[in-house]
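Q: Here's the letter readout for the chains.
Protein chains: 2
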Amino acid sequence: MSATLMNERDLEFMLYELFDSESLIKRQRYQDHDRQTFNEVINTAKAIAEKHFLPIRQKLDTHQPTFDGKNVSLIPELKPAIEAVIASGISSATADYESNGMQLPPIIASAASTYLTAAGGVGLGYNMLTNANANLLEAHGSQALIDKWVKPMRSGRFMGTMAMTEPGSGSGLGDLITKAVRSEDGTYRISGNKIYISGGDHDLSENIVHLVLARVQGAPRGVKGISLFVVPKFLVSDDGIVGEDNEVALAGLFHKMGGRAQTSTALSFGEKHGSVGYLVGEENQGLKYMFHMMNEARIMVGTSGATLAVAGYQYALDYAKNRPQGRLPSCKDPLSPMVNIIEHADVRRMLLAQKAYAEGALSLVLYGSQLSDDEKTAPTIEAREHAQVLLDFLTPIIKTWPSEYGTKANDLAIQVLGGHGYINEHPVELFYRDNRLNAIHEGTTGIQSLDLLTRKVPMHNMIGYLATLDEIYKTIDVAKQCNNLDEFSTQLIEAVNTLKQTTESVLGAMSTRNIDLALANSVKYLELFGHVIVAWLWLKQGIVASQALSKQPHQADEDFYNGKLQALQYFYRFELPDITLWSSILHHTDSTTYDMKVDWF
Amino acid sequence: MSATLMNERDLEFMLYELFDSESLIKRQRYQDHDRQTFNEVINTAKAIAEKHFLPIRQKLDTHQPTFDGKNVSLIPELKPAIEAVIASGISSATADYESNGMQLPPIIASAASTYLTAAGGVGLGYNMLTNANANLLEAHGSQALIDKWVKPMRSGRFMGTMAMTEPGSGSGLGDLITKAVRSEDGTYRISGNKIYISGGDHDLSENIVHLVLARVQGAPRGVKGISLFVVPKFLVSDDGIVGEDNEVALAGLFHKMGGRAQTSTALSFGEKHGSVGYLVGEENQGLKYMFHMMNEARIMVGTSGATLAVAGYQYALDYAKNRPQGRLPSCKDPLSPMVNIIEHADVRRMLLAQKAYAEGALSLVLYGSQLSDDEKTAPTIEAREHAQVLLDFLTPIIKTWPSEYGTKANDLAIQVLGGHGYINEHPVELFYRDNRLNAIHEGTTGIQSLDLLTRKVPMHNMIGYLATLDEIYKTIDVAKQCNNLDEFSTQLIEAVNTLKQTTESVLGAMSTRNIDLALANSVKYLELFGHVIVAWLWLKQGIVASQALSKQPHQADEDFYNGKLQALQYFYRFELPDITLWSSILHHTDSTTYDMKVDWF
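Those sequence lines, one after another, are chains C and U.
According to this note's numbering, the first sequence holds residues 1 to 601 in order.
According to this note's numbering, the second sequence holds residues 602 to 1202 in order.
When the alpha-carbon atoms are kept at most 20 Å apart in a straight line, the in silico DMTMM-like pairs for lysine to aspartate or glutamate are as follows:
id, chain 1, residue 1, chain 2, residue 2
1, U, Lys1198, C, Glu558
2, C, Lys59, U, Asp669
3, C, Lys500, C, Asp470
4, U, Lys660, C, Asp68
5, U, Lys660, C, Asp61
6, U, Lys627, U, Glu641
7, U, Lys825, C, Asp333
8, C, Lys332, U, Asp1052
9, U, Lys1009, C, Glu575
10, C, Lys597, U, Asp1160
With the Cβ distance kept under 8 Å, some of the chain C side facing chain U (calculated, not the full set):
id, residue
11, His255
12, Leu317
13, Gln566
14, Phe574
Okay, the calculated bits of chain U under chain C, using three or more residues with CB under 8 Å as the criterion:
id, segment
15, 847-859
16, 1120-1128
It should be emphasised that the hints constitute simulated quantities derived from the structure, not laboratory data.
As the structure is a prediction and not an experimental result, all values here were calculated from the model.
Don't be surprised by glycine CBs; every beta carbon is placed ideally from N, CA and C.
Let the hints inform the model, and build the full structure from the sequences given.
A: The structure is reproduced here in structure tokens:
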């Protein structure tokens, strides 16, 4: 079956109708660009995706990386595919010209990357981590570190990782025990074990640059005593020659449910003399640097969740339009021709739900991309601060909602294909498996919900919370001018009221009651807020569609905009009402889960 | 990690406290049994599960069956494991003594089988299908067919399959085109292609007995012209010698998301001269016979869904009790010891949800097992008919609810383990993948929902529907006598009222409006009914727990019963309220999905 990786018309809608990305070219940083150069980058990404990744998407999954005790091997087709991306410049599209970047707006780079992700770009994770690593070093490392490590990463000679998690402490980074000992030459000797290090070993580059969290001898315990180090797989001389082994040993590969092209490794550092490590920034500030990167990573995770949702939806849609099976209940003649399964109402329900989840999630992550741009390049300081406030606040939602609902969309894609969805001739079960990690890594849904309630909501007199509500009200005011959206703007006003009352109840409980109980249903709060945000973005999409429809567009566009309105209606009628139950649980500080004793299980 | 496959205490509760299985020994068929022999069979199954299946559970998944163009190979450890089950008699535990069975009540056999399923008994699917095949032939085949094919299947020499699905028609059996031509000797020549034939080829037995749906030349089109044939892989002489090839060719193996130990095959029948087929029963009655088997198979699918849910829940529970990570929000000291993750309220929520889904589903499938027994062995004809009415009606729910919510439970088990849940060192992602098929095969959720609304509800003046409501009201009457259950009996009365009003609305729409529209939200009706049924069974469990608690049991039992009450409360407060939205969608005959035009997607 020929695959439609992404919906081009919808990407165009998101970029140029919903978020007005064309206006970005007025900003100095983007003055060399125009809509045409934006589209060229997207088309290049699409072409690389179709030429290099799509043909190996299945093979990347079925031929997992292997470790013979000495070397890790990946399928040979992956390296040229990654090289094609590096050569195109897309992997550092947003970087400055001076760093060999294209100075492209993040929202355009995100849109371009969706094609690569959809085509099996799990293999591209090596690149994405390398970029995140390089970005962090550029922001917080010394010029010497940048010269030595970032340049070869930008050129594709080296690749990078983030080495945080340890076997004994998991998400609880404050409990990590990897040790760093100061050496007389100003470097450190690192020893300890890390797990789940993505891209921790492979045969794709000359060297691997690990960013390792460790605790300098004598440092405070807990999160305040964590430092960040560059620990390369191989030491490199001052003139850039890759030299001897730095005692970074691969203890083993993990075998994952999905995302199999990217190695997940257990690494052992410095078993004999300690691996040589170079301090990034200052001692004991490591977690702060890492969080800088982690916030970016969380947007990337959300983007992956949204993209895989779209890819699964597009695939299931193509399939449903072309697969004849059965007849409608109204058809009394068993000898009449079969209908394509998209004619069955329940298949349409599953497709419409996917559309609502996938395009809702995509609008959210692209909005996040734009905020990450605005906080640096918006025309005024006020606008930059405003964007930063919104992005900080929304990050747990941008990370979680697309991960959770994107995976649900993939689950529905499997169901649309039925038995065919369960086998690897079709990629929907692969999308599901790849996507399932997104609600786990870079902070689980549970962790995001605590971040939202204990940090993001109360932060600076609730500035992020209030700014977000303001944005929603602005949209409602515009929607009120479209008669056909009355049902939805009314419902969104009610939903925001529910959210406000719930927030008040929860914050009240947090200050007056046992805090463990008050936070027991925090995930329901995150779900509630996520649904309101996505409902808001769907209303935004509905406004654009309504306005466009009033201008009597040609048939294909009329269909497209009607589809947007129908997905909006689906979300408001079939999904948004779920918040009633969640808010009621939160409002009453329901103690059912809190009261459950360990011995009762 | 040592694995608790099933919760023994809970199985004991289900069998002897909830369903009073001990009283079955008063029935003549079971007069040789007592609680001790029941438990011996369960313990034997557990021992075989732990000895033969658990050690190969992971290997069965990672080492998929292979096909070298000539032969199919499975891992060698599977055959002795299956043979151990056959030798124990468990695989035909419910059969008559004359058929080498143990005349065990189905509910006991089901309970025993859960251990095998939890331990990786996907490999046992070969046995289960062979039994289903043999049961069908015993019910509908001639004595000659039984002598020739059933006996070697019962002894383990031959295995059996069900060959229904075809590439061109999928679930629409009425459109199948496999051809049968009458031969002068009374046999038929079969030709055509079948897909997704589980166990369609392997190296586990001397012969494979396919039950094939095909259309005799000149038969009516549609479902009324389908006949059923025995088509063996190898022909067998009258004295039982396995002889020449019968033109059943393996076209290929499918590679599935889960359930990988069981081959899923594309078979081609009779490419040259036609495969020899032996008619089962009468011509054109094939679908009726197959449905007889399919109803059994649907209970088995539900049982698999429930069992994998329990297995995943038990594993996640063990893990959460023993994995230290992080601290509670109330803990201000980052240097205090880490807590086990079960102390985190959100982990408890995910465990409690799993308990509510898994034990709710298990009670439902064991209830189904008992009904399938009662319809044959209950003391009075009235009781038998009553059981048959209930089972017929509830089959779509028994099939679907455990499949859908059991898979959700497995998804939560992955999330409890976090990164560890995503790798194959732990079996929870495997349980998820295995379970994901259950909402698809033997009739998808969408198909079950149409069966419920168009056949099961209106059938015989709604006799099944009314009988089911009667059973629920009986339980409510008992619950009203337990003060601590007031909240739940009141809520269930409301839920039943909602169900009744919704049923009225939907049946009204079906008779007065466009039938395709009236049925557009049929899956929501199935979900609504499923939730009411499971809420009812949880209330039943709550009654037993309350009564037991009033007798001041010892500590371990007190904890156990309190856990039951807490899971009941969880289901009523966090899950049952979902029916409000579903019933509203149905009550208003919401046309959102129906109105969505193909071109709008």
